[in-house]
Amino acid sequence: MISAKRLQYTIAELTKGLDVAIKGDPNCVITGISSIQDAQQGCVTFLTNSLYRKYLETTLASAVILAEADAEACPINAIVCKNPYFVYAQIAGYFNGRPAASAGTRHISAVIAKSADVDASVHVGANCVIGERVKIAAHAVIGAGCVIGDDTEIGEAACLDANVTLYDGVKIGKRVHLSSGVVIGSDGFGFANHQGGWHKVPQLGTVEIGDDVDIGANTTIDRGAIENTVIGKGVKLDNLIQVAHNVKIGDHTVIAGCVGIAGSAVIGKHCMIGGSALINGHITITDNVIITGNTGVSKSITEPGIYSSGIVGAVPNAEFRKNNARFHRLENLMQRVKTLEADIKQLRERNDS
Amino acid sequence: MISAKRLQYTIAELTKGLDVAIKGDPNCVITGISSIQDAQQGCVTFLTNSLYRKYLETTLASAVILAEADAEACPINAIVCKNPYFVYAQIAGYFNGRPAASAGTRHISAVIAKSADVDASVHVGANCVIGERVKIAAHAVIGAGCVIGDDTEIGEAACLDANVTLYDGVKIGKRVHLSSGVVIGSDGFGFANHQGGWHKVPQLGTVEIGDDVDIGANTTIDRGAIENTVIGKGVKLDNLIQVAHNVKIGDHTVIAGCVGIAGSAVIGKHCMIGGSALINGHITITDNVIITGNTGVSKSITEPGIYSSGIVGAVPNAEFRKNNARFHRLENLMQRVKTLEADIKQLRERNDS
Amino acid sequence: MISAKRLQYTIAELTKGLDVAIKGDPNCVITGISSIQDAQQGCVTFLTNSLYRKYLETTLASAVILAEADAEACPINAIVCKNPYFVYAQIAGYFNGRPAASAGTRHISAVIAKSADVDASVHVGANCVIGERVKIAAHAVIGAGCVIGDDTEIGEAACLDANVTLYDGVKIGKRVHLSSGVVIGSDGFGFANHQGGWHKVPQLGTVEIGDDVDIGANTTIDRGAIENTVIGKGVKLDNLIQVAHNVKIGDHTVIAGCVGIAGSAVIGKHCMIGGSALINGHITITDNVIITGNTGVSKSITEPGIYSSGIVGAVPNAEFRKNNARFHRLENLMQRVKTLEADIKQLRERNDS
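Residue numbers (numbering that gives the first Met the number 0), protein chains in the order written: chain A, 0 to 352; chain B, 0 to 352; chain C, 0 to 352.
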């Protein structure tokens, strides 16, 4: 259970301004927030995943955020709404006691180039290094140990957690959040083979990150070879994702951890890409496409929908080994079926004659 | 060959206190340690992988650590034991000449909050940043460039290599070892969709790392949404692993590199997970499960055993392309087999009538 | 479009010393470089990927670098050569206006051990930490926030971008380029099981990086257990790659992002490995092997060629689910085909008798 920052809130206070209906007592006092299976008395909890519906009857919580369809079965106070996960996100803010960076402080150990233009309201953490001609807009937070390359621009209220690295010339939008270990603007992977050796192709573009983008820990985004690598506004990237040079990701697309996106791929708006997927280079994925986890996308996708590849479902190894061996002889199996079909045809003709 | 820290040891000295039998001369002098194929005279080596048994006859080593089953065939001094890899690990310690951090030194460049409680025996490297109310217990080592968030607790003799990032409120057990680039406590990937845009869900939990955990370079572990992300004691994680929010990993489980573990997955004790596996969210894997490399686990596993998915075995591309094309028409192949079965049945009946 | 560093160059100037033929006007003035689809008048562009040939007729560029085969169809000035991508790489250098580190400067905030031997021409960025007995040769660049472990050696003109971590004893060749977040020399993943717990195996080797190696952001290379992990000269590694202990990678091999290479794997020279591939431990891949993306290599490869595994090609999820289900019953399908074959044989014999 996460306790409230102040002593307590009523359900009415927590839901003020939100599009919800309260079933039960709006004056019920809430002192913490919890998952449905672990909730104690005094907690508000939520039901957004049907896997957890079974806990509704027995939860000790004092209130549950849930959808209309579940309200009937709810034995306690219910905060009924169309989008319980969104409402939960808003209410959870009341219980967020995590420390915040103090605005307008620059740690004495930070190394800030004289030509940098850092707004007075920006927080600059210890041991940051801010390069020449960098511009950082109001209310941004630069965590300890960040290195910001020359000529980079960081938008209003952007937040870089500790140990983020931005190369030169990168453009970061407003309210962008970069987690620790993120690297943006590293050279794209471009090498030309000449007489057996690989020669570097200068990477002259940069990276543009739109407003309200969130990027997870240790994710890397390479700068473009000539054109920029572009991350659209509202995009959410999880941890350990690789975005290669010249990639374009459309607005409001979300991508789960460990995904690799090869060079010059273009991904549409409002897409969802599952963990460990691999997107080939130089292909285009249209808007509103869902790619399931572990899928390898090797060709362009031109119609919205859900797409998959790979083999899903782990099975006992002995069973797997048999099917795997059969896979490697699928062409052979097909030829045997063709032979059977010809044989049957022949037998039939003989019988009919 | 790695040379001994001091001039030399006898086999008897190296094996003192270990559960081994010496076959040959316990006073044989050892001056270095080496792999079996590269060993020179004076070296101790080991045999733990049957792939290398062929070198036993010709090795120039002066002694070999091996199992009873291999002792008969060993032409040189043998250190015979039940667990040669474990015994090798102990003996290798005598040859470890790598530099160690000096206890009780705090580099002048480190930035340590006044409210932090750092034991006098702790080593604090150059350019570390240690936040408010952090507690670091005796004999811990904090490498250069680490950033430790507010309210974090680090157990006795824990060792953070250079450039590790811990967010606020993280709990690190005793004797934990974190490699460079590790990020622990970054926000979980939680966003609620509202009218087409994604809105951040506050991540209010933290991360608990049990005693004797080892975490590889650039691995990331996100903090829980409400409950904590929990890594059990003795867990070993390799490099570049993504552990999402709310995940629980049971004691003594080992996970190889590049694995992705999605949110709220629960992994049992004493499991082994191969490289590049992907574990879906909200599933449970019981104790003593082995997952082979590259496997995608999409459903809960309730019985111990070895589990696999995917296609194993790289083959020449031309052959692969045929089988891959056949895979994409497997349903069609199945229908053709069903037709054949019906045809045969019909032909038989005709023949029988 | 990337503008020229100085005002302008003629085609003749840009191609001086390169093995090209100019078709059209060598005195044509070039003011920028661009991709073929976005080129404006005054730009030089290039054609190296047949996907983009369709733009040749309509591009607004003033000159195109291309191969003999495309020269005929080129309506504008052409820089004709055998290897357009390599020639483009050379010409692009004229348009590289990115800031360079100033040689021979050591930032006052850098922490350099007294016993370190750092050439006077080396650039040392802010907040670097350079350990005992480190040797850094002429013209190297050490970016801000790098941590260099004791006894490490860095070759002439090597370049470490910001926030790179090298452990103790690592050897870096000449002209090596390490991107931000790279970790080299972290402990290999070696643990011996003893009575249910995992015990660390000391990792006594180190890492050797050959001349002209390039390593992408957040890639990790573990030190050897006894022998060194070795990256051959001219090797190019993309972002987020995991190279485990004792691995050897042959000269001039290129490896794309998100690849995992397990312990003691040996990869030949001039290989190309696609994104997200997984190479098993203790196997050998010969020279001149191409591994396509997402492939799992579980056995040694002894002949040059192109190798693949997995399932390629994302398809609509409903279709995929059917084929995936059939895969899991492939063994059953095979048995049914065998039964059919026996039945046909029997029917035939009956008919023939």
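Among the hints, erroneous ones may be present.
Copies of the same chain are indistinguishable here, so a pair counts whether it falls within one copy or spans any two.
As the list claims (entries may be wrong) - Calculated cross-link-like contacts (lysine to aspartate or glutamate; reagent style EDC-like; alpha-carbon spacing at most 20 Å):
id : residue 1 : residue 2
1  : Lys268    : Glu348
2  : Lys199    : Glu155
3  : Lys173    : Asp118
4  : Lys53     : Glu226
5  : Lys247    : Glu340
6  : Lys247    : Asp118
7  : Lys199    : Asp210
8  : Lys247    : Asp210
9  : Lys344    : Glu152
10 : Lys344    : Glu302
11 : Lys337    : Glu318
Calculated directly from the structure, the hints in this document are not laboratory data.
Everything numeric in this text was worked out from a predicted model, so none of it was measured.
Hint-by-hint comparison with the structure:
no.	hint	in the structure
1	Lys268 / Glu348	neither (57 Å within a copy, 59 Å between copies)
2	Lys199 / Glu155	between (35 Å within a copy, 18 Å between copies)
3	Lys173 / Asp118	within (14 Å within a copy, 41 Å between copies)
4	Lys53 / Glu226	between (52 Å within a copy, 19 Å between copies)
5	Lys247 / Glu340	neither (49 Å within a copy, 51 Å between copies)
6	Lys247 / Asp118	neither (30 Å within a copy, 42 Å between copies)
7	Lys199 / Asp210	between (32 Å within a copy, 14 Å between copies)
8	Lys247 / Asp210	within (15 Å within a copy, 33 Å between copies)
9	Lys344 / Glu152	neither (73 Å within a copy, 74 Å between copies)
10	Lys344 / Glu302	neither (40 Å within a copy, 42 Å between copies)
11	Lys337 / Glu318	between (26 Å within a copy, 18 Å between copies)
Hints 1, 5, 6, 9 and 10, counting from the list given before, are not met by this structure.
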